[in-house]
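As they're listed, the protein sequences go chains A and B.
Numbering of the first sequence is given in the numbering used here, commencing with residue 1 and proceeding in unit increments.
Numbering of the second sequence is given in the numbering used here, commencing with residue 1 and proceeding in unit increments.
Worth flagging that the hints you see were computed from the coordinates, not collected in a lab.
Any given hint could turn out to be false.
Identical chains share a label here; the pair holds if one copy fits it or two copies do between them.
What the hints assert, rightly or not - Below 20 Å or equal to it, Euclidean Cα-Cα: the simulated SDA-like pairs (lysine to any residue) are:
| id | residue 1 | residue 2 |
| --- | --- | --- |
| 1 | K188 | R85 |
| 2 | K213 | A163 |
| 3 | K69 | P128 |
| 4 | K188 | A171 |
| 5 | K150 | H133 |
| 6 | K69 | Q39 |
Note that this is a predicted model, so its numbers are computed, not measured.
Protein chains: 2
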Amino acid sequence: MRIKIPDMKKSMTEKEPKSTYHKVNLRESLITEAARMIQEEGVASVTLRGLGQRLDVSRTAPYRHFEDKTDLLCAVSEYGFTLFRQALETERLSPGVRAISRFQNMGRAYIHFALENTSYYSLMFREPTVVDHQTASLKAAGDAALNELKLILEECQNEGLVAQENLDLQAMFVWSGMHGYCSLLLDKYQGEEGELSRMTEYMVSKVLQGVSKH
Amino acid sequence: MRIKIPDMKKSMTEKEPKSTYHKVNLRESLITEAARMIQEEGVASVTLRGLGQRLDVSRTAPYRHFEDKTDLLCAVSEYGFTLFRQALETERLSPGVRAISRFQNMGRAYIHFALENTSYYSLMFREPTVVDHQTASLKAAGDAALNELKLILEECQNEGLVAQENLDLQAMFVWSGMHGYCSLLLDKYQGEEGELSRMTEYMVSKVLQGVSKH
DNA sequence: TGATTTAAGTTGACGCTGTCTACATTTAAA
DNA sequence: TTTAAATGTAGACAGCGTCAACTTAAATCA
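With the sequences and hints as input, model every part of the structure.
Structure, rendered in structure tokens:
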């Protein structure tokens with residue numbers, strides 16, 4: 001019988017805690033792993049049991065970090081909103097471009113994000129439990145994203161190409177158009193690449209026409 | 001002990017079948033009762049067990065009329081779409097009104113329907129299982145509603161107030177704006193009546209501006 | 001009509017789910 | 001070093017959708 005030297009190889013190669021009972025930063029791992037599951041198989045595929053298995057943790061472990069499953073999904077949604085906001089901000093801050101063009105690029109970025117992160121987007125804007133549970137910090141993350149739109153609209157107003165009216169109303173109109181379009185795409189659309197970009201350009205131009213001076 | 005005359009009173013007052021084993025038109029009852037539950041407590045509150053109880057029927061009875069729960073919910077959604085289409089059609093056919101005004105009234109009717117039938121609307125446009133299962137007849141009901149919009153847009157084009165362009169693209173833009181706005185309202189809005197109608201009028205006018213000749 | 005097939009409703013069971021409670025282990029504080 | 005707090009685990013429970021097997025009523029056909 002071979003002599004068993006306990007855990008030697010492991011403890012040599014990886015530096016690891018003496019015990020694996022307490023995971024490091026499980027809260028963060030839960031969020032990112034849940035996000036991964038959502039991207040892979042949709043939000044309905046996320047179960048606490050499955051999530052626990054993937055992280056080598058029991059099914060009730062999440063309850064030490066989140067009130068319940070909805071609370072966890074809200075955290076994932078919140079993370080999605082920060083990614084979303086960053087994508088919009090990148091366009092808003094792109095140097096050497098006139099505000100009106102950056103505005104249009106932001107519209108394209110909005111649509112691009114929705115199509116490239118369909119499961120995130122659905123979770124953020126359409127998952128009933130998440131949408132109407134709404135943590136305070138989740139609300140804040142959503143507002144921060146919306147604020148990117150208001151900032152660029154303000155710049156456009158100052159450049160004189162967009163009507164000088166109530167920013168909130170204007171932002172609501174633009175946001176509605178973008179969100180409605182993405183929702184329709186996610187639900188129904190099954191077409192070719194070329195038609196998609198034609199539709200997208202049409203949407204961007206018409207939304208712009210809606211807020212333009214006339 | 002009183003002599004029990006079985007079911008006499010009942011069978012005198014109501015004309016009823018000899019047995020209640022087979023319900024009359026259970027399929028229809030399932031749809032309308034499920035719709036009622038959705039309006040009362042939201043789609044998540046609909047369970048086959050609860051539905052069965054309310055109709056004095058076992059929990060598996062629906063399986064004789066629908067493939068599964070999703071299939072039942074699709075039928076409810078389909079019914080919602082026919083109500084929705086009717087509401088739009090009413091505006092489109094209202095006599096003695098110019099096309100452009102009927103178009104705007106249709107926009108208002110769209111929003112009104114969404115706000116007065118929040119649970120229906122969510123089921124029709126936002127419930128993941130329903131939206132991406134999509135029976136053939138459900139698709140047809142949805143297309144019929146969308147077609148109302150195309151018909152009025154065509155009239156508006158002929159009246160010369162709306163740009164003569166691809167009807168499908170134009171309808172998509174209008175639909176997107178309306179749907180996005182309603183989604184945002186259902187998710188977030190908690191305001192007073194006056195502000196709501198101001199927002200709604202703004203939306204309707206801006207969407208119109210988007211499709212107008214310029 | 002009577003016999004038989006088909007449609008419609010029922011009960012029992014199964015596996016899966018989220019979550020509560022009580023317990024175990026590790027880390028931090030006193 | 002003792003104690004308290006944080007974190008992870010296992011068992012149990014009720015509710016869910018759904019499958020299979022059975023029962024009853026209605027429809028069809030001889």
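Hints, verified against the model:
1. Proximity of K188 and R85 under a CA criterion of 20 Å is satisfied inter-copy only: 18 Å between copies versus 26 Å inside one chain copy.
2. Within a single copy, K213 and A163 get their C-alpha atoms as close as 5 Å, and across copies as close as 17 Å, so both meet the 20 Å cut-off.
3. For the identical chains of this complex, K69 and P128 are neighbours both inside a copy (13 Å) and across copies (18 Å), given an alpha-carbon limit of 20 Å.
4. Taking the shortest Cα distances, K188 and A171 sit within 20 Å of each other only across copies (15 Å), while inside one copy they are farther apart (26 Å).
5. Taking the shortest alpha-carbon separations for K150 and H133, neither the intra-copy value of 25 Å nor the inter-copy value of 36 Å comes in at or below 20 Å.
6. Taking the closest pair of Cα atoms, K69 and Q39 come within 20 Å of each other only inside a single copy of the chain (17 Å); across copies the shortest separation is 25 Å, beyond that limit.
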